[in-house]
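J.: Based on these hints, arrange chain L on the given structure of chain X.
2 protein chains.
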Amino acid sequence: MKKIILASKSIDRSELFNRIGVPFEMLASNIDEEKFKKKNSDPIILVKELAKAKLDFVKELVKKRGEDALIIAADTLVDLNGVIIGKAKNSEEAFKLLKTLNGKVHRLITGIAITETNDPKIINDYDITLVEFLTLSDAEIHNYIKTNEWEGRAGAYSINDKASLFISKINGSSSNVIGLPMHKIYEILKTDFKLNLFQK
Amino acid sequence: MKKIILASKSIDRSELFNRIGVPFEMLASNIDEEKFKKKNSDPIILVKELAKAKLDFVKELVKKRGEDALIIAADTLVDLNGVIIGKAKNSEEAFKLLKTLNGKVHRLITGIAITETNDPKIINDYDITLVEFLTLSDAEIHNYIKTNEWEGRAGAYSINDKASLFISKINGSSSNVIGLPMHKIYEILKTDFKLNLFQK
Numbered sequence: 376m377k378k379i380i381l382a383s384k385s386i387d388r389s390e391l392f393n394r395i396g397v398p399f400e401m402l403a404s405n406i407d408e409e410k411f412k413k414k415n416s417d418p419i420i421l422v423k424e425l426a427k428a429k430l431d432f433v434k435e436l437v438k439k440r441g442e443d444a445l446i447i448a449a450d451t452l453v454d455l456n457g458v459i460i461g462k463a464k465n466s467e468e469a470f471k472l473l474k475t476l477n478g479k480v481h482r483l484i485t486g487i488a489i490t491e492t493n494d495p496k497i498i499n500d501y502d503i504t505l506v507e508f509l510t511l512s513d514a515e516i517h518n519y520i521k522t523n524e525w526e527g528r529a530g531a532y533s534i535n536d537k538a539s540l541f542i543s544k545i546n547g548s549s550s551n552v553i554g555l556p557m558h559k560i561y562e563i564l565k566t567d568f569k570l571n572l573f574q575k
Numbered sequence: 376m377k378k379i380i381l382a383s384k385s386i387d388r389s390e391l392f393n394r395i396g397v398p399f400e401m402l403a404s405n406i407d408e409e410k411f412k413k414k415n416s417d418p419i420i421l422v423k424e425l426a427k428a429k430l431d432f433v434k435e436l437v438k439k440r441g442e443d444a445l446i447i448a449a450d451t452l453v454d455l456n457g458v459i460i461g462k463a464k465n466s467e468e469a470f471k472l473l474k475t476l477n478g479k480v481h482r483l484i485t486g487i488a489i490t491e492t493n494d495p496k497i498i499n500d501y502d503i504t505l506v507e508f509l510t511l512s513d514a515e516i517h518n519y520i521k522t523n524e525w526e527g528r529a530g531a532y533s534i535n536d537k538a539s540l541f542i543s544k545i546n547g548s549s550s551n552v553i554g555l556p557m558h559k560i561y562e563i564l565k566t567d568f569k570l571n572l573f574q575k
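Chains as they are written, first to last, in our numbering: chain X, 376 to 575; chain L, 376 to 575.
Hints may contain errors.
It does not matter which identical chain is meant; a pair holds if it fits inside one copy or across any two.
[To be verified] In the DSSO-like style, the derived pairs of lysine-lysine whose C-alpha atoms are separated by at most 30 Å in a straight line are:
| no. | residue 1 | residue 2 |
| --- | --- | --- |
| 1 | Lys544 | Lys474 |
| 2 | Lys496 | Lys464 |
| 3 | Lys544 | Lys412 |
| 4 | Lys384 | Lys410 |
| 5 | Lys471 | Lys412 |
| 6 | Lys544 | Lys377 |
| 7 | Lys544 | Lys479 |
| 8 | Lys544 | Lys569 |
| 9 | Lys413 | Lys377 |
| 10 | Lys544 | Lys496 |
| 11 | Lys521 | Lys414 |
Bear in mind the hints are in silico, worked out from the structure with no lab data behind them.
With the rest of the complex left out, here is chain X (with noise of 0.2 Å):
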């Protein structure tokens, strides 16, 4: 099988590879995510933009070293009511943050682009997961954020820790939460790039 370069430094994004069986390599992107911020109100354009934009930093890199392999790059971005949601940077701003999507039904938004070394084409798609919390106390996320489950994370929160107790109710894609379409994922290497995750 093709090597696969995951282009992305996300724990839950190495654990979902992992999961499936199928060996991959981990390479991060150094974009400049502000400057996509504020071009964008759309999170759906946005998701991609920063997914595509990972993608081209990380094939730069492959191809410096002269590798032909198959490179996936994702972005996850937590949209309530047209607001989007990123990552906390501390512990305060995790608190209001959960506090924001406290009780409430969200969309998890995945974007991903998907390339090969030597070819110019790149699939670049999306996938949303409506999520729904249950309503929590303040003294309950106060608990919660202790777990520091919230560092790395868009909106906050990590579904099969536990998170896994106050989310109610998904509709969608679950690994979508976690940071990859993984069905979305298979069927488009399957269909664009000829690689099928069930081979051998």
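T.: This is chain L only, laid out in the frame that chain X set:
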């Protein structure tokens, strides 16, 4: 915090509890599931009764030990248009089962039963999540079977592992698909047993 005992031997349920960071002990029940299956054709009544029977069995064990604990039991099954689907006994049965679910939406139902050793009260509830499968070819299903994820799992798949590639959508609790509706357990423990899983 009061001691929590999970009346289960499922590694998935164990992982769900490990990841919320709450200490617990696993204690398997030994009940005649076939007896209940012959008696019940309604999947919701059946999973609730199976969870209750597992609870009763483990409650007796814990009482004999003389321990004071909170006990949580669960049973999971798949319902496809009124047909109850449990676990596959071998890889041939797993293939048939996955072929039945292929390209369709099924109901994943988990029954739960919760009690305390020193309290006659039993909460017996359930949760339903709709799960949508992409359409895989026979060769792809055979390759999935080789991962052995089907073993010991209702519906013969593991959503957090390689099955993430063919589960396009769920509607409901995601932890419920793994074997325990965690938000429901959190709410029941808080309301009926005065135990808050967000307390230190």
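J.: A separate judgement is required for each hint: does it hold in the structure or not?
T.: Results of checking the hints against the structure:
Within a single copy, Lys544 and Lys474 get their C-alpha atoms as close as 18 Å, and across copies as close as 27 Å, so both meet the 30 Å cut-off. In this homomeric assembly, Lys496 and Lys464 never come within 30 Å of each other (Cα to Cα): the closest approach is 35 Å inside a single copy and 45 Å across copies. Proximity of Lys544 and Lys412 under a CA criterion of 30 Å is satisfied in both settings, with 29 Å inside one chain copy and 29 Å between copies. With identical chains, the CA atoms of Lys384 and Lys410 are at most 30 Å apart within one copy only, with a shortest distance of 20 Å there and 50 Å across copies.
Taking the shortest alpha-carbon separations for Lys471 and Lys412, only the intra-copy value of 20 Å comes in at or below 30 Å, while the best inter-copy value is 49 Å. Taking the shortest Cα distances, Lys544 and Lys377 sit within 30 Å of each other only across copies (28 Å), while inside one copy they are farther apart (37 Å). Proximity of Lys544 and Lys479 under a CA criterion of 30 Å is satisfied in both settings, with 11 Å inside one chain copy and 20 Å between copies. Taking the shortest alpha-carbon separations for Lys544 and Lys569, only the inter-copy value of 23 Å comes in at or below 30 Å, while the best intra-copy value is 34 Å.
Taking the closest pair of Cα atoms, Lys413 and Lys377 never come within 30 Å of each other, the shortest separation being 37 Å inside a single copy and 50 Å across copies. Taking CA atoms no more than 30 Å apart as the test, Lys544 paired with Lys496 passes between copies only; the shortest distance there is 27 Å, against 36 Å inside one copy. Taking the shortest Cα distances, Lys521 and Lys414 never come within 30 Å of each other, neither inside one copy (34 Å) nor across copies (47 Å).
Of the numbered hints listed earlier, those contradicted by the structure are 2, 9 and 11.
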